[in-house]
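Peer 1: Below, each chain spelled out in residue letters.
2 protein chains.
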Amino acid sequence: MMSTKFVTLRLGIKKNIIDGLLIHIPLGSKTAMITTKNKFAASPVVASRENIKSGTIKYIFINSGNANACTGKEGHKNTKQILHTLSEKLNCTSNEILIMSTGIIGRQLPIKKIIESITNSNLNIYSNIKKAASAIMTTDKFPKYLTKTYKIGSKNITFRGICKGAGMIEPNMATMLSFIETNVDLSKTLLKKYLKYCANLSFNSISVDGDMSTNDSVVFSSTGNIKLNMKSKSSEAKFLSCASDFFIRLASLIVKDGEGATKFIKLCVINAKSLVLAQEVSKKLSRSILVKTAMFGEDPNWGRIVASIGSIESSNIKPDNIKLRINNILCFKNGISLDNGSKALEKSMRKNIIEIAVDLNNGKYKQTMYFCDLSHDYVRINSEYTT
Amino acid sequence: MMSTKFVTLRLGIKKNIIDGLLIHIPLGSKTAMITTKNKFAASPVVASRENIKSGTIKYIFINSGNANACTGKEGHKNTKQILHTLSEKLNCTSNEILIMSTGIIGRQLPIKKIIESITNSNLNIYSNIKKAASAIMTTDKFPKYLTKTYKIGSKNITFRGICKGAGMIEPNMATMLSFIETNVDLSKTLLKKYLKYCANLSFNSISVDGDMSTNDSVVFSSTGNIKLNMKSKSSEAKFLSCASDFFIRLASLIVKDGEGATKFIKLCVINAKSLVLAQEVSKKLSRSILVKTAMFGEDPNWGRIVASIGSIESSNIKPDNIKLRINNILCFKNGISLDNGSKALEKSMRKNIIEIAVDLNNGKYKQTMYFCDLSHDYVRINSEYTT
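Order-wise, the sequence lines are chains A and B.
The first sequence begins at 5 in my numbering and counts up by one.
The second sequence begins at 5 in my numbering and counts up by one.
Hints are supplied without guarantee of correctness; some may be wrong.
[Unchecked claim] DEER-style ranges, computed between Cβ atoms: (1) A/Ile340 x B/Arg384: 28 to 34 Å; (2) A/Asn325 x B/Ile357: 41 to 47 Å; (3) B/Ile357 x A/Pro30: 56 to 62 Å; (4) B/Ser58 x A/Ile357: 47 to 53 Å; (5) B/Thr97 x A/Ile340: 47 to 53 Å; (6) B/Ser318 x A/Ala241: 29 to 35 Å; (7) A/Gly76 x B/Cys272: 20 to 26 Å; (8) A/Ile357 x B/Gly76: 28 to 34 Å; (9) A/Asn320 x B/Glu240: 35 to 41 Å; (10) B/Ser318 x A/Ser238: 35 to 41 Å; (11) B/Lys57 x A/Gly345: 33 to 39 Å; (12) B/Asn344 x A/Phe146: 28 to 34 Å.
Rather than coming from a laboratory, the hints here were simulated on the basis of the structure.
Note that the structure is a prediction, hence the values are computed from the model and not measured.
Think of the CB as a built atom: it goes at the ideal place given N, C-alpha and C, for glycine as much as any other residue.
Produce the entire structure from the sequences given, and follow the hints as far as they go.
Peer 2: Here's what the structure looks like:
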C-alpha cells in the first residue's frame, strides 16, 4: 500500500494554471535523492542536498514556470522563505522538506505570490497522479507518470512515479525532475544504492540535447512495508531488474517527448574494453547532431556512426573490430560497409523506434542509451521561442 | 616568388565536372602535414603519413566526390594504384606524392576511370588558385582560397592557400582539406612546428558540427627563399603572428560556409586555470546545440551558455567567478544575470558575426574557437540528402 499524496497548487507564477505540487510522503518512509552535477546547481538543489542529509523527508515541494536558478543571494533567500512558510503551515521543520524548481532561469521567483498562495491554500486536498505530473510540466507536451506492479515470488512489488523534462529552453526551461516511490521496505542506505544503480541505467542514460540542467533531481522513496531479503543476491537482482525496468520506462517518456522528437533511438554499445569506453561511445553517438539528423531523415547512415566513434581520441578502438547493426541488420564489419541501403534496412528506418547496436568486440562492458532525433521542430522550438 | 602549380582534372567520379587536383610543389620546397586523429583514418591518409616520413614531397593529388574511406583492402589497393600511375606519369617515386580524397565514404573509387584519366591527361596545363579550390569542393557552396602578403621589416612574407569543408554529409561528405604555402624558407623541423602551432589556432579551433572526418588533412609547404632569422624570438613571434592570422582567415571560410550557417561566432574563453580547461569549455560551447540554435534565433541566451559551462564535470569552475560578455555587453557576473535582453544586446545579435567572451577568472590560459549556428537549413541538408 502506498499512501503518498499529491496536492496541486496555483502559485501564481503561470497565469491561472496549476504550477505547484506538494507531495506528502507517509510517515516511516525513507527517501534518497540524486541531483545535477552541474556546477551551477540551483538554490533549491543546494537546499535539498542539505535537508536530505540531516533528517527524514516528509514533504516535497515543486514549483514550475520559474526555476530559481542563477538568481544569486536573493534566490537563496526565496528558497529559505518558501521552506519556512511551508514548515509553519505543515507543522514540521524546514529540513524535512525537499524543494525543487523548474522553468525559466535567471529570474527571481514572484515570491510574494508564492508565499501568499501557500499560506492560503488547503494543503490537504489531494489530486491524482496524472494531475500531479501535469503540475510540474514546463515545455512537456504530455504529463509523464507511471504505475507498475511486478511479481517477485508471491509478492506484489509496486512502483509509482512522475517525471518531467523535454529539453532545455527559454533559457533552460526544462529541468529533468522525477519522484518515484516503491512499496518495498528499504533502508536509507539500500535506497541510495539502488537509486544510483537505477538512475544510471535510466535518467543518466537518456539524452535529448546533451546538456545538463542546473536543477535536475531524482527522488526515490520507500513508502511501503513489503519485505524482501536483499541479503540474498538473487532476491536483490530480481528487485533491481524490476526497479531498473520501471526507471527506464519512466525516463523513456522524457525522450519520447524530446523537443521535436520523431524517433526514439535505443543505442546499445556492447563488448567494450571498459565501462568508461562504453559510456564514452554512447555519449558521443547520442549527442552527434550528424547521427541525430540522419535518424530524423530515416537514413541508416553507418558512415556517420562509424566516423563519430572513430573521433573519440582517448580510446584504443580498432575500426576493424567493430560490428554495427541498425535495426538488427548488419551494416558494417571488418572496416567496410555491408549494407549501403538495402530495401529491408530502409524500410526498418520508418519505424518510430530505431535500434543501433555497436559491438566493439574488445571486452565485456556495455552501456545502453536512449535518445531522440534532431528535427526541424527542435530547431524551431529552440530558436523561435523568444517571448 | 611562389611557383607551386595547380592542375585540375576530370577523373570521371562526378559527371562532367572537375573532380581532381594535382599540385606541383617546386623543387627544393619542404612540406609538413597534419592529419585527422580519427581512428578510422582513410587509406589515402595512411599512405600520405608514410610518404611524408620517407622523403621529399613533389606532388599532391586530391580527388573529390568519393572519399576512399572505410573501403578496406580494396580501397588501399586503389590508393597504391593511383600513386603508382602518377609516379610513372610524373617520373618520380610513389612516396614523393601525397594523396587525399574527399566525398562519400564507404564506396570504392571508380578506379578504372581515374587511372585512365590520369594516364590520358596532360599534367602540365596549369590552372589558377580559384579553379584549384573549386576542384576539391564537395558540399561547399563557394571555393575557398586566399593569398595574403604581410610585411616583416623590409620583407614581404606571402601565404597562399586553398581549403574545403563545410560539414559532414552523405555520409561524411565533407572532409576538411587544406594546402598552404609560404615564400619563407623554413626547415622541415620548423615547418612542422609552425604548422602544428597555426593549425591549433585555426583548423583545430573551428567547429561546424563537432564531428571529425576520417580524411581531414592540412599540408603546409615552404616554397620560397625569403630568409627570416627564427632564432630571434621576436622575429619568430612576428612570423607566427602573420602565419596564424592567415591560417585563421582561411579556416574561417569553412565556418562561414558551414552547412546552413547564418552566423559566424567567435568564442573567446579567457583566464582559465589550464589550457585543457579553456579548450574543454570552448569545445563544449561550440558543440552545444542549445547554444547553436539560440544563435540562429538571434537570442543572447546567457542561461544556455552558463548551464553548458556548468555541465563540464571534470572542471573546478566556480560559477560566481564567471563573467560572460556577448558582443561586448556584460550579461552574467557573480552568479546572476545582468542583461536579460536589453535593446542594445538584442540589436547586436542581428549582426552576422557574434562574439562571445567567457572570462573564467581563474588563471591565465585562453582558447579561441570559431563556430556557426544551427539552422533549419542544417537539419534539411543533413536529413534530406538521400540520393
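Peer 1: Each hint: holds or not?
Peer 2: Structure-based check of each hint:
no.: 1; hint: A/Ile340 x B/Arg384: 28 to 34 Å; in the structure: holds (30 Å)
no.: 2; hint: A/Asn325 x B/Ile357: 41 to 47 Å; in the structure: holds (44 Å)
no.: 3; hint: B/Ile357 x A/Pro30: 56 to 62 Å; in the structure: holds (58 Å)
no.: 4; hint: B/Ser58 x A/Ile357: 47 to 53 Å; in the structure: holds (51 Å)
no.: 5; hint: B/Thr97 x A/Ile340: 47 to 53 Å; in the structure: violated (29 Å)
no.: 6; hint: B/Ser318 x A/Ala241: 29 to 35 Å; in the structure: holds (33 Å)
no.: 7; hint: A/Gly76 x B/Cys272: 20 to 26 Å; in the structure: holds (25 Å)
no.: 8; hint: A/Ile357 x B/Gly76: 28 to 34 Å; in the structure: holds (31 Å)
no.: 9; hint: A/Asn320 x B/Glu240: 35 to 41 Å; in the structure: holds (36 Å)
no.: 10; hint: B/Ser318 x A/Ser238: 35 to 41 Å; in the structure: holds (38 Å)
no.: 11; hint: B/Lys57 x A/Gly345: 33 to 39 Å; in the structure: holds (38 Å)
no.: 12; hint: B/Asn344 x A/Phe146: 28 to 34 Å; in the structure: holds (30 Å)
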